[in-house]
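Trainee: Sequence:
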Amino acid sequence: MRLRNDDPGRGGKRSIVLPVLAGVVLTVGAAIGMTTTDQAMFCGSCHSMDEAELTHKQSVHAALACNECHAPHNLMAKLPFKAKEGARDAFATVTSSIPDLIHPGKETLGVVQANCQRCHSATTATVVMQSKQYCTDCHRHVPHSPKLPIAMRSAADA
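Oh and the sequence shown: position 34 is 33 in numbering that gives the first Met the number 0, straight run, nothing missing.
Don't take each hint at face value.
[Said to hold, decoys possible] Here are the simulated EDC-like cross-link-like pairs (lysine to aspartate or glutamate), alpha carbons at most 20 Å apart as the crow flies: (1) 81 x 106; (2) 83 x 106; (3) 105 x 88.
Just so you know, the hints here were simulated from the structure itself, not pulled from any lab data.
Could you build the full structure based on these sequences and the hints that come with them?
Mentor: What follows is the structure, encoded as structure tokens:
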């Protein structure tokens, strides 16, 4: 006499379905988390980023997520970069050690530069950058200009 729980095929299916289901849930959750934390609404939820969020909304780059510029485009580079920068930002917020003026670090400047060139390659191909290292050396208020409204910016700051 066989008991229902002794069916050898039943346990095998369960041992495959549960890990696959867990993997799908984790993958979808991670994708939603990554997308949410890339957005200006999330970034601007910290008091220190109020002005950056406001000026981003008014810029020509308003349709882009913050991390289209501020994080590597390649997912394998983006994950550790975003974790490190997020931890640094969270620590500064929790310890109230946010500087009055936030300047990007060398690594972030490199990331932003790569993203400028990724999106604007047709334009940057004709630019000789001998005197400046980064696009933001000249276009420093793209897209965050605390001083001038967009209508009053020079072409280099547009």
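Trainee: Provide an ascending list of the numbers of those earlier hints which the structure does not satisfy.
Mentor: none
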